[in-house]
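J.: Taking the hints into account, I'd like the entire structure generated from these sequences.
Chains as they are written, first to last, in the working numbering: chain A, 9 to 331; chain B, 9 to 331.
Take these hints with a grain of salt, some might be off.
The list treats identical chains as interchangeable, and a pair is accepted whether it falls inside one copy or across any two copies.
In silico DSSO-like links for lysine-lysine, alpha-carbon gap of 30 Å or less [what the hints assert, rightly or not]: (1) Lys19 - Lys322; (2) Lys322 - Lys46; (3) Lys239 - Lys278; (4) Lys234 - Lys91; (5) Lys60 - Lys322; (6) Lys322 - Lys278; (7) Lys251 - Lys218; (8) Lys292 - Lys88; (9) Lys251 - Lys239; (10) Lys19 - Lys278.
If you're looking for bench data, these hints aren't it; they were derived computationally from the structure.
2 protein chains.
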Amino acid sequence: MKTETIEELAKGIRNGNRVSLSRAITLAENTLIENQNKAHQLIQLLLPFTGKAKRIAITGVPGVGKSTFIEGFGNLLTQKGLKVAVLAIDPSSSLSGGSILGDKTRMEDLARNENAYIRPSATAGYLGGIASRTYEAMLLCEAAGFDVILIETVGVGQSETLVHEMTDLFLFLQIPGAGDDLQGIKRGIMEMSDIIFVNKVDDFGSEKAKEVKVTLARSLQFLPQKDSSWKRKVLMGSGLTGKGLEEVWTSIEEYFELTTRNGYIQNRRKEQMNLRVKEYIKEKITHRIMVRYEQDNSLENLLHETNPYLLAEKWIQENFKEF
Amino acid sequence: MKTETIEELAKGIRNGNRVSLSRAITLAENTLIENQNKAHQLIQLLLPFTGKAKRIAITGVPGVGKSTFIEGFGNLLTQKGLKVAVLAIDPSSSLSGGSILGDKTRMEDLARNENAYIRPSATAGYLGGIASRTYEAMLLCEAAGFDVILIETVGVGQSETLVHEMTDLFLFLQIPGAGDDLQGIKRGIMEMSDIIFVNKVDDFGSEKAKEVKVTLARSLQFLPQKDSSWKRKVLMGSGLTGKGLEEVWTSIEEYFELTTRNGYIQNRRKEQMNLRVKEYIKEKITHRIMVRYEQDNSLENLLHETNPYLLAEKWIQENFKEF
Numbered sequence: 009m010k011t012e013t014i015e016e017l018a019k020g021i022r023n024g025n026r027v028s029l030s031r032a033i034t035l036a037e038n039t040l041i042e043n044q045n046k047a048h049q050l051i052q053l054l055l056p057f058t059g060k061a062k063r064i065a066i067t068g069v070p071g072v073g074k075s076t077f078i079e080g081f082g083n084l085l086t087q088k089g090l091k092v093a094v095l096a097i098d099p100s101s102s103l104s105g106g107s108i109l110g111d112k113t114r115m116e117d118l119a120r121n122e123n124a125y126i127r128p129s130a131t132a133g134y135l136g137g138i139a140s141r142t143y144e145a146m147l148l149c150e151a152a153g154f155d156v157i158l159i160e161t162v163g164v165g166q167s168e169t170l171v172h173e174m175t176d177l178f179l180f181l182q183i184p185g186a187g188d189d190l191q192g193i194k195r196g197i198m199e200m201s202d203i204i205f206v207n208k209v210d211d212f213g214s215e216k217a218k219e220v221k222v223t224l225a226r227s228l229q230f231l232p233q234k235d236s237s238w239k240r241k242v243l244m245g246s247g248l249t250g251k252g253l254e255e256v257w258t259s260i261e262e263y264f265e266l267t268t269r270n271g272y273i274q275n276r277r278k279e280q281m282n283l284r285v286k287e288y289i290k291e292k293i294t295h296r297i298m299v300r301y302e303q304d305n306s307l308e309n310l311l312h313e314t315n316p317y318l319l320a321e322k323w324i325q326e327n328f329k330e331f
Numbered sequence: 009m010k011t012e013t014i015e016e017l018a019k020g021i022r023n024g025n026r027v028s029l030s031r032a033i034t035l036a037e038n039t040l041i042e043n044q045n046k047a048h049q050l051i052q053l054l055l056p057f058t059g060k061a062k063r064i065a066i067t068g069v070p071g072v073g074k075s076t077f078i079e080g081f082g083n084l085l086t087q088k089g090l091k092v093a094v095l096a097i098d099p100s101s102s103l104s105g106g107s108i109l110g111d112k113t114r115m116e117d118l119a120r121n122e123n124a125y126i127r128p129s130a131t132a133g134y135l136g137g138i139a140s141r142t143y144e145a146m147l148l149c150e151a152a153g154f155d156v157i158l159i160e161t162v163g164v165g166q167s168e169t170l171v172h173e174m175t176d177l178f179l180f181l182q183i184p185g186a187g188d189d190l191q192g193i194k195r196g197i198m199e200m201s202d203i204i205f206v207n208k209v210d211d212f213g214s215e216k217a218k219e220v221k222v223t224l225a226r227s228l229q230f231l232p233q234k235d236s237s238w239k240r241k242v243l244m245g246s247g248l249t250g251k252g253l254e255e256v257w258t259s260i261e262e263y264f265e266l267t268t269r270n271g272y273i274q275n276r277r278k279e280q281m282n283l284r285v286k287e288y289i290k291e292k293i294t295h296r297i298m299v300r301y302e303q304d305n306s307l308e309n310l311l312h313e314t315n316p317y318l319l320a321e322k323w324i325q326e327n328f329k330e331f
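T.: The structure is reproduced here in structure tokens:
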């Protein structure tokens, strides 16, 4: 089998070839420097065709029904003639979280839908690096003509901050009636949220669901206004039955209408890119320094030092005099 | 109020003064370079008194009952005459996760116990930096004479890998009967685990609990042996009633007995420190580079570049010719 050139790969992606798209994302996820360089050349070719999708973060604690929501919502969007790509930012997301207690195939319907593309996350490396790889996958999907990119993450760590930084709109899933532990929402997630969707309402009865909606709406009052001047919304429904999903899409359209008009989205896209630049600088320099550290034979001379800070500082001074 | 000198702070910590300990941890968490340097001087003074505690990671998904387990287990240990410090590695842990829907005071009993010390995590910065701050807090607690350090984290992101790297033993909490989503255990967490504790057995009935125990034990067979040559254990009980907690402690003692005898612990401690050295080098260099990036006026000349990788690469080449 002949290996595709970068140009052939770019052409395949532009023609909507799924195999090319998947290969390109795999290339971007590869940690070898030469493959990373190839991926960056590829993105350089495709850059003019990126930036047109709606970039949407979807988060919520485990058990909130993210897979089912994404399946229902993704299918709704494809019925509207939209092309939908689903990515995951961290290894614990429902997309990529393979349980060793039983392997459920998730999002079966959506996976078979020809206008949808599902891709679990890159799992190697630290979270910042994974975020960069997800950003690259997003650009590749945009070049392939996807209209909506859904990036899934789990709302209990730091990955939701990273996904927030690389998307335009933050959709937070909640369930009524779970224990306090499950509802232990960090204020930070509520602040980031643009739309809060109370999921699985059928399982809990409309009384309970309304109660949660009122409580959520009340707690939103205490949060500072968003820079986008968008007013946070609480919606209710069910990913499983499809109830409320149409309203989610209407709100998303309203959000983009507002933020395009007031110029917020344009600034936000610039910030998204600037954050990536900083992350790449950190990644590249850190990588090169760590290679040097691992290969450093003079390190032996420092190992009598039992204070990790002093050891680090001495090594930096010996190796990077300019600092 | 006169500010304590580093020497006074060190003396206070060695004398078991809680105020000194808390001040020292706050100093270590401070992001100002001069305060970080002070914290490092302090740790230099205290280093001879560190390293004697058992460093234990406790993890599990939200809702598994971590707070209740730690409260019950911590109280058991203090009854044995041990001094217990509880730290949290990430902002989403039950220790530090303040819900805006209702602020429960957690671990009330343990917080009042004079042989226990509870400290929520540093929340500023990226996860690697938070891990370094938690490591420093751990060293300070060891110098203050604590025998057991419990480091809590949430087992759904990357923080459990960081906490695994800085501890001696990994304790993973599970519950029987929760939905598949909640039980969606990553293979990685199972691999890291030394002891798996099936919690809340009273809530679920012993039939269900036994079933989970058998399933877990079976899935453990498929995992590679641990470097420590410790055989992973599944235990059952309840943090709330105290059932099974004595067995957890017995297993922990067996673990340390084995790993001290075969030399694993000594190597592991060296690795823990080496990881910290690397993290400090990354932190310091990244910090200095980002300061330079933010202050760089020549950056304007690069902003016509719309490809984030090329922008990053050009900036590095202009600023760090040696790379």
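J.: Decide, hint by hint, whether the structure agrees.
T.: A quick look at each hint next to the structure:
Taking CA atoms no more than 30 Å apart as the test, Lys19 paired with Lys322 passes between copies only; the shortest distance there is 27 Å, against 50 Å inside one copy. For a Cα distance limit of 30 Å, the shortest separation of Lys322 from Lys46 across copies, 17 Å, qualifies, whereas the shortest one inside one copy, 36 Å, does not. In this assembly of identical chains, Lys239 and Lys278 lie within 30 Å of each other by CA distance solely inside one copy; the values are 22 Å within and 52 Å between copies. With identical chains, the CA atoms of Lys234 and Lys91 are at most 30 Å apart within one copy only, with a shortest distance of 29 Å there and 46 Å across copies.
Within a single copy, Lys60 and Lys322 get their C-alpha atoms only as close as 48 Å, which misses the 30 Å cut-off; across copies the closest is 26 Å, which meets it. For a Cα distance limit of 30 Å, the shortest separation of Lys322 from Lys278 across copies, 18 Å, qualifies, whereas the shortest one inside one copy, 38 Å, does not. Taking the shortest Cα distances, Lys251 and Lys218 sit within 30 Å of each other inside one copy (14 Å), while across copies they are farther apart (38 Å). For a Cα distance limit of 30 Å, the shortest separation of Lys292 from Lys88 qualifies neither inside one copy, at 42 Å, nor across copies, at 50 Å.
Proximity of Lys251 and Lys239 under a CA criterion of 30 Å is satisfied intra-copy only: 22 Å inside one chain copy versus 49 Å between copies. Within a single copy, Lys19 and Lys278 get their C-alpha atoms as close as 27 Å, which meets the 30 Å cut-off; across copies the closest is 51 Å, which misses it.
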